[in-house]
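Novice: Single-letter residue listing:
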Amino acid sequence: MANSTTASRAPMAAAGDADSFDRRNVDWYVDKLVQVLVFICGISAIIFVLGIFVFVTKEGIGFVFQHLDFKEFFLTPYWFPSDADDPEYGILALMAGTASVTGLAMLVAIPFSLGAAIYIAEFATGKTREVLKVLVELLAAIPSVVWGFIGLVIMNPLIIKWFDVPVGLCVLNAGIILGLMAAPIMTSIAEDALKAVPDRYREAAEAMGATRWQVTYKVVLPAAKNGLLGGVLLGVGRGFGETMAVLMATGHAVNIPDSIFDSVRALTATIAAELGETVVGGEHYQVLFTIGILLFLVTFVVNLSADLIVRGIRKG
Amino acid sequence: MTAAPAAALLQPAPEYAIDTKKLNLWYGTFQALYDVDLRIRQGMITSMIGPSGCGKSTYLRSVNRINERLGYVRIEGSIDVMGQNIYDPGVELIQVRKQVGMVFQRPNPLPISIRDNILFSHRLHAKGGGDVHQGTPDEIVEESLRTVLLWDKVKDRLKRKATELSLEEQQKLCIARLLPVKPKLLLMDEPCSALDPKGTEAVEELLWELRGQYTILIVTHNMAQARRASDECIFMLMGKVVEHAPTEEMFVTPTHKETSDYIEGRYG
Numbered sequence: 000m001a002n003s004t005t006a007s008r009a010p011m012a013a014a015g016d017a018d019s020f021d022r023r024n025v026d027w028y029v030d031k032l033v034q035v036l037v038f039i040c041g042i043s044a045i046i047f048v049l050g051i052f053v054f055v056t057k058e059g060i061g062f063v064f065q066h067l068d069f070k071e072f073f074l075t076p077y078w079f080p081s082d083a084d085d086p087e088y089g090i091l092a093l094m095a096g097t098a099s100v101t102g103l104a105m106l107v108a109i110p111f112s113l114g115a116a117i118y119i120a121e122f123a124t125g126k127t128r129e130v131l132k133v134l135v136e137l138l139a140a141i142p143s144v145v146w147g148f149i150g151l152v153i154m155n156p157l158i159i160k161w162f163d164v165p166v167g168l169c170v171l172n173a174g175i176i177l178g179l180m181a182a183p184i185m186t187s188i189a190e191d192a193l194k195a196v197p198d199r200y201r202e203a204a205e206a207m208g209a210t211r212w213q214v215t216y217k218v219v220l221p222a223a224k225n226g227l228l229g230g231v232l233l234g235v236g237r238g239f240g241e242t243m244a245v246l247m248a249t250g251h252a253v254n255i256p257d258s259i260f261d262s263v264r265a266l267t268a269t270i271a272a273e274l275g276e277t278v279v280g281g282e283h284y285q286v287l288f289t290i291g292i293l294l295f296l297v298t299f300v301v302n303l304s305a306d307l308i309v310r311g312i313r314k315g
Numbered sequence: 000m001t002a003a004p005a006a007a008l009l010q011p012a013p014e015y016a017i018d019t020k021k022l023n024l025w026y027g028t029f030q031a032l033y034d035v036d037l038r039i040r041q042g043m044i045t046s047m048i049g050p051s052g053c054g055k056s057t058y059l060r061s062v063n064r065i066n067e068r069l070g071y072v073r074i075e076g077s078i079d080v081m082g083q084n085i086y087d088p089g090v091e092l093i094q095v096r097k098q099v100g101m102v103f104q105r106p107n108p109l110p111i112s113i114r115d116n117i118l119f120s121h122r123l124h125a126k127g128g129g130d131v132h133q134g135t136p137d138e139i140v141e142e143s144l145r146t147v148l149l150w151d152k153v154k155d156r157l158k159r160k161a162t163e164l165s166l167e168e169q170q171k172l173c174i175a176r177l178l179p180v181k182p183k184l185l186l187m188d189e190p191c192s193a194l195d196p197k198g199t200e201a202v203e204e205l206l207w208e209l210r211g212q213y214t215i216l217i218v219t220h221n222m223a224q225a226r227r228a229s230d231e232c233i234f235m236l237m238g239k240v241v242e243h244a245p246t247e248e249m250f251v252t253p254t255h256k257e258t259s260d261y262i263e264g265r266y267g
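Residue numbers (numbering that gives the first Met the number 0), protein chains in the order written: chain A, 0 to 315; chain W, 0 to 267.
In short, the hints are calculated from the structure, not lab data. We treat Cβ as the ideally placed atom computed from N, Cα and C, and that holds for glycine. Heads up, a few of these hints could be off.
Claimed, not checked - Some chain A residues judged to face chain W by a derived CB distance under 8 Å, without partners named:
| id | residue |
| --- | --- |
| 1 | Y200 |
| 2 | T210 |
| 3 | P221 |
| 4 | G311 |
Work the whole structure out from these sequences, hints included.
Specialist: Following this line, the structure appears as C-alpha cells:
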C-alpha cells in the first residue's frame, strides 16, 4: 500500500529499486511468514486429532480383526484380561458402569446448569452476573483429580454415614462428582445459547405483560432449545470421556449395577488403570486400545453432533 | 404547550386517554425528558414527530413502562392512563401492559406459530380474570387476524412460524396479537420504518380502521405519515414538547418557529 502511494505521487522518480512497483519490503515478508505460521497452527489441530486416531486405531485394530468376538465383547460382563489360561474380554459391565455414572451425572448436571444459566442470562444483573460468569469459568478449570479426591475423602464417608452402606465409592458418588464437573461447561454453553436469543423477543413478550419467568419459559427457552441440547450433549461427552475422577470415585469394581450404591468401573478408568501393566503389543494391550477406539468414536459423534446443533442455532 | 384543539369535533366528550404531568426522565445522568405535560385524546390517532433523540420514543416507552427494562432509568412526574397513574407504587406492571399495547419499530413476532402469537397475550391475561376476549381460541385468532386484514392471507398456515411472514404481515400480526386482551391504548414506535411504501400504506389504513375503538399514539420519523395518518400531532425537541395541535393546524400554521423549521426540513 505504502509503496503504491509513493509511486503514484512520484511516477517519474529516478530509476532504481526504491520506487518500482514490484519492490517488496520487510513488511511483505513478515506478512507472508505470519500467514504460513498461523496456517500451520490452524491445521495442526486437525493433524493431531487424526494422528491420535490413527495411532489408537493402529494399536487396537489388530485385536478387532484377529480375536474380536463381537458378541463376547459387547454382550458379556466378564472382564478377566489377565487370566493366564483363558482371558475374557467382555465390556458390558464397563459400558454399564460408564453409562450409569454418566446418566446420573446428567441428572445432577442438567437441572443445576440449566438453572444457573437461566439465572445468569435472564435474571442476574450487573456485577452479580459478571462475578458469576467468572466463577463458573473458574469451576470449569478445576483439575479432575481434585474432584476425584473430593469423591474419595469427602463424599465417600458421607455416603457411608447417610445411607448406611458398606462402601461409599459407587455410582452415586461418581455421578454426583461427574455432574458437578460437567455443570460449569454446560452452564457456559447454555448461557451462550440463551444470550443468542434476540432481545427483541424478550421485549415483545414483556411489553405484552409477561413476567420474567413467563418470558424465559415461553419465549427464551423454546428459542434456545438447540443450543441447550448442544450444551447437554457436550456435557455427556465430557462425562463419557472423564477418567481420573471416575476412577477414584466409582470403586473400580467390574459390576453391572443394581442400585446407585453399587461400585462400578468405567471404560476410561479401565484403560488408565490397566494399560501400564500390559505387554506392549500383547492381546490385553490391544483390547484396551480397542476400548479406546470405541470411546473415541462415541465422544467424537457426541461432540460433533453437539457442535452441529449449536452451530445450527447460530445460523438460523 | 398543550394547545386545546378546536377542531376535535369527532369525539363528543373530550376525554383523555393519557394525561401526563411534569414527566422528567433520566437515563443514568442524562436527562431525556423535561417537564413533559401531554394529554392524549381518547379514540384518536396522535402522532409524535421530532428529530432523532428528541425524546419521542422515550416518552412512548414510558407509557407502558417498557423503558424500565433498562434498569438505569429514573422517572419523576406522573402518567395517568384512563385516569389512573401508572407510576403509582401499587400499580402492577402486568396490568399496565395489558391495557397499553405496544408495537415496535422492527416487527417482533415471537418465534412461535402465527396462532400462538395471537394467543400469547390472551393466555397470559385470561387466567387473571381480567377483561379479555371471551371467545374460543379459534374465534379469537380469526377475529384478530380479520381486524388487521390478515386472515385471508394466513388462514391456511396458522401453524407456520410467524417469523416466516413478510415484514408487513409481521407488523400487522404484531398489532393483531394485542387485540385479544382488549387494550385501551396502542403505542406504536415507528411501526412503518421497516416497511416499503405499500406495506406502510396498508398499516396506515389499518390504523384508520382501529381508530375510535382504540386510542393510538404513534411515533414517526416520516412527517408525511404524521400528516396523513393522525388527528393530532405533537412536536418534540431536545426532550421538551414544543407544540401539540390538531395535525392540520400544525402543518399549515405552526405557532412555533422550531416547528415550522422542522416541518420545512431546515434541520432534523
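Novice: Take the hints in turn and mark each one as holding or not.
Specialist: Comparing the hints with the structure gives:
1. Y200: 6 Å, holds
2. T210: 7 Å, holds
3. P221: 7 Å, holds
4. G311: 14 Å, violated
In this structure, the one hint that does not hold is number 4.
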